[in-house]
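**Q** Residues per chain are reported as follows:
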Amino acid sequence: MLEVRNIHKTYEGKPLLNGISFTVASHELVCLLGSSGSGKSTLLRIIAGMEEPEQGSVWWNGADLAGVPTHQRGFGLMFQDYALFPHLTVAQNIAYGLKIQALPPTEIDSRVREALHTIRMEDFASRPVTELSGGEQQRVALARALAPRPRLLMLDEPLGALDHSLRVRLIEELRLLLRESKVPVIYVTHDREEAFSLADRLLLLHEGRLLQQGSPRDLFLRPANSWAAEFLGLGNRVSGQVGPEGGTVLTPWGVFACEPGSKLPGSPAILLLRPEDARVSAQATGANNTITGQVRDCVFLGEHFRLELEAEGLLLQVYSQEIIQPGSTVSAYWPAENVLLLSE
Amino acid sequence: MVPLAFVLVFFYQPLVAIFRLAFSKAFVQGLAAFKLEQVTRPLGFTVWQALLSTLLTLALGLPSAYLFSHFTFPGRKTLRLLTLLPFILPTVVTAAAFNALLGPRGLLNLGLMALFKLPSAPIHLLNSLPAILLAHVFYNTSVVIRVVSASWSRLSGRLHQAAQTLGASPWQTFKTVTLPLLMPSILSASLLVFLFNFSSFGVVLMLGGPRFATLEVEIYTQAMQMLNLPLASLLSLVQLSFTLLITLLYNRQVLPRVGKTALNLESTPLPRPRKPAEKLLAIVLIVTLVLLVAAPLLSLVARSFLTLEAARGERGDVQTGLTLRYYLELFQNRTGSLFYVPPLLAIRNSILYALVTVVLSGILGLLAAYAMQRQGGLRRVLEPVLMLPLGASAVTLGLGFLVVFNHPPFNNPRFPLLIPIAHTLVALPLVLRVLTSALRGIPESLRQAARVLGAGPLHVFWSVDLPLLLRPLLAGMVFAFTVSLGEFGASSFLSTPEMPTIPVAIYRYISQPGALNYGQALAMSTILLLVCALGTLVIERTRLPGEELF
Chain H
1 MLEVRNIHKT YEGKPLLNGI SFTVASHELV CLLGSSGSGK STLLRIIAGM
51 EEPEQGSVWW NGADLAGVPT HQRGFGLMFQ DYALFPHLTV AQNIAYGLKI
101 QALPPTEIDS RVREALHTIR MEDFASRPVT ELSGGEQQRV ALARALAPRP
151 RLLMLDEPLG ALDHSLRVRL IEELRLLLRE SKVPVIYVTH DREEAFSLAD
201 RLLLLHEGRL LQQGSPRDLF LRPANSWAAE FLGLGNRVSG QVGPEGGTVL
251 TPWGVFACEP GSKLPGSPAI LLLRPEDARV SAQATGANNT ITGQVRDCVF
301 LGEHFRLELE AEGLLLQVYS QEIIQPGSTV SAYWPAENVL LLSE
Chain R
1 MVPLAFVLVF FYQPLVAIFR LAFSKAFVQG LAAFKLEQVT RPLGFTVWQA
51 LLSTLLTLAL GLPSAYLFSH FTFPGRKTLR LLTLLPFILP TVVTAAAFNA
101 LLGPRGLLNL GLMALFKLPS APIHLLNSLP AILLAHVFYN TSVVIRVVSA
151 SWSRLSGRLH QAAQTLGASP WQTFKTVTLP LLMPSILSAS LLVFLFNFSS
201 FGVVLMLGGP RFATLEVEIY TQAMQMLNLP LASLLSLVQL SFTLLITLLY
251 NRQVLPRVGK TALNLESTPL PRPRKPAEKL LAIVLIVTLV LLVAAPLLSL
301 VARSFLTLEA ARGERGDVQT GLTLRYYLEL FQNRTGSLFY VPPLLAIRNS
351 ILYALVTVVL SGILGLLAAY AMQRQGGLRR VLEPVLMLPL GASAVTLGLG
401 FLVVFNHPPF NNPRFPLLIP IAHTLVALPL VLRVLTSALR GIPESLRQAA
451 RVLGAGPLHV FWSVDLPLLL RPLLAGMVFA FTVSLGEFGA SSFLSTPEMP
501 TIPVAIYRYI SQPGALNYGQ ALAMSTILLL VCALGTLVIE RTRLPGEELF
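So the sequences go chain by chain: H and R.
Just so we're aligned, residue 1 is where the first sequence starts under this note's numbering, counting upward by one.
Just so we're aligned, residue 1 is where the second sequence starts under this note's numbering, counting upward by one.
Treat the hints with care, as some may be off.
Said to hold, decoys possible - Incomplete in silico selection of chain H near chain R, CB under 8 Å: (1) 68; (2) 71; (3) 77; (4) 96; (5) 110; (6) 114; (7) 221; (8) 224; (9) 227; (10) 231.
As the list claims (entries may be wrong) - Computed from the model, here is a short list of chain H residues facing chain R with C-beta under 8 Å: (11) 81; (12) 148; (13) 212.
The hints are simulated quantities; they were obtained by calculation from the structure and are not laboratory data.
We put the CB at the ideal spot given by N, CA and C, even for glycine.
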């Protein structure tokens, strides 16, 4: 299947991709997650053969693809701006790749109809693509990329240009469509919601390197470091020092017991305190694993209230089942098994 | 590389020759060989009439731009089309049209004479400054309307609302918001109009009469009648440096700022004029525009079907009647006369030249547009080099060709390529402008999408670029066709008596006495007018929404 080996690429003199290696197995949906400007799209273009890496190579089924031009790689790519041909109709856009494969017209016809059926746009066949809405364009772009039955499908922020509610709906559609297509998929996004709900496997790209890879659950439970926890929006990060005996961390807001890590006593440490794990009580206690502070704000989110807690220069978010008046003092307690020691 | 070589050989080589010619005499005989007055007088008049014309054009164009960008009214589209027509109309046709309206044998004078039983023509507008100014306003109003109304209608109404909620009165809003945002496009239109007026040739030659000479006309007179090539060259240089300055100013300073104003994202349908003041303005402007554009053109057409068998000596008693004679006469062969210009031959020549021009400028335009698309050194060289001929006048071009290509095979009257090459140089900058902006409008992702879907480089061009470029290419080619058909400045230098083009033939007819010659000139002008009207229609139809020619 696809194998990406040690890709290096600089952009305007600065390293953009700094030794990226990963594989994609058949039927696998891999999400490439990273902030904007992290080189995700560049990586896709390198795989598609539209850009040359400065170092490293792309392999398919054991064959090096260097020197194979884009149009002979047999990979599908769905563009961020969809790149639908404005001079062609919906059906002609979908048929474009099939015509290049020189399939017989009847075959093209039936494949286009099949594709239109899959995206539930049968009635749109002869419409100009310029008259479609954003969501419709997105579906046509997907159908066009899938119609030639590519060996690998790449999607570059396919939902990036759409508004939030449409995105939520289309993520579900995409999931089903991509699963049905049984094509290996590389899906590029900066949105963790999209990545978590779509991916079999997540690749976290940061500062030109693959910081972490694994299932969405792996990343959620064990983020590689402080940056990953922040980027994935996992919760509050509190810095301190590893205590003299293993399994404790000293912070300005109190002592925290946690699962023992490999860190030496006295070394700096960052704790992940998730808002959903906090146990909020109205009494101010000085116990371990507790932060006491003043409620700045209380927002009802449906399942619970979100409290903005301020404690001596620290701002925290915790969830509470009860409504709590801003201005009152509360303490939040995290059991040791819910306190995660992060690396830098 | 091909377009570069073409421009180097056919534009810069003549230019250098003009330089040499102008300075060789200066070096041999000293600058005293030229009287200073010989240069300053035409220069002064050129600047003076260009300024006046530009101001007059703005005076009519700006309110019209307001009308077009803010209101809808019956016939809006037609009027818009009508005002575009003069822009691609050949100067000789314009001159013939104004002659047919205002001339001693024109409709207006004939009408007044018939009405008041006057013995002779009461209006002597021809061969006067007002005639020149009127024709220039006729020509260029469309430029102001197009350029300014395009950015005026893009100005978001929200900006005005915002200014007014902040306490600005309507006048203050206009002064502090509208005007500053419109300034780049007003400036751009003014410079463009000034440039066109500055290098006006046919209009001044045919409507201004012997008393008025712009630089262009003076170059022509010196070269073709006085045979004073060094002086003509010197004048060419003066002309060239001025137009170059204006072009540079336009390309570097003004053009980049146009279109960067706040965009109007919501496209609300335009209202009709409601307030009495608005209605009055609309009516006055519409009537003025229709009169300005339609009156000369209609009298041209009408006059070309009208006989005027005034028995000589019996002034005022003219027999009028409808006739097709002038048209039929175009197909008669009267080779007996010394001054005879075979009209069919002129038509055939013009069409052939125009076709060659279309092919040449199409191919060169495409090649150059792609070369300029690329980043890097070649582009930096190519852009100014290719855009420069826009600033050079056709007369200078004609003179340069005359000086350089005066040896075989070029000086053979049967060598047919010199005129279309000159026409290509005239048409190329605008063809190129249309094509480059269209090419820039094709997102790279479309080509990448085609490649990912399996298309090789050639197939990408064939299935993505070409279909998307087709409309602008067609517009550019139609434009080149009409430019070539109507081009007068360079052709007047390069066409030989045996091989005239339509405009040259019209000029010769109209400057010869006799009702038949006059009628034939008008008949040919009418045919040319028809072709240009068709061209305008095609250009307007192929125009992508929101895109302008300038």
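**Q** Does each hint hold? Answer for all of them.
**A** Hint check:
1. Interface restraint check for residue 68 of chain H: the shortest CB-CB distance to chain R comes to about 12 Å, outside 8 Å, so the restraint is violated.
2. The beta carbon of residue 71 of chain H is positioned within 8 Å of a beta carbon in chain R (closest approach about 5 Å), and the interface hint is therefore held.
3. For residue 77 of chain H, the interface hint holds, since its Cβ comes within 8 Å of a Cβ in chain R; the closest pair sits about 4 Å apart.
4. Taken as an interface hint, residue 96 of chain H checks out: its beta carbon lies about 6 Å from the nearest beta carbon of chain R, inside 8 Å.
5. Contact between residue 110 of chain H and chain R, as hinted, is not supported at the beta carbon level, the nearest pair being about 18 Å apart and thus beyond 8 Å.
6. Interface restraint check: residue 114 of chain H against chain R, minimum CB-CB distance 17 Å, threshold 8 Å, status violated.
7. A distance limit of 8 Å between C-beta atoms decides the matter here; for residue 221 of chain H the minimum to chain R is near 37 Å, and the interface restraint is violated.
8. Look at residue 224 of chain H: its Cβ only gets to about 32 Å from chain R, farther than 8 Å, so that hint breaks.
9. Because the closest C-beta pair between residue 227 of chain H and chain R is about 31 Å apart, greater than 8 Å, the hint is violated.
10. Restraint check, residue 231 of chain H versus chain R: the minimum CB separation of about 27 Å is more than 8 Å; hint violated.
11. Taking 8 Å as the C-beta contact cut-off toward chain R, the hint placing residue 81 of chain H at the interface holds, the least distance being around 6 Å.
12. Interface restraint check: residue 148 of chain H against chain R, minimum CB-CB distance 6 Å, threshold 8 Å, status holds.
13. Here the hint on residue 212 of chain H is broken, as its CB sits about 29 Å from the closest CB of chain R, past 8 Å.
This entry does not satisfy hints 1, 5, 6, 7, 8, 9, 10, 13, going by the numbered hints stated previously.
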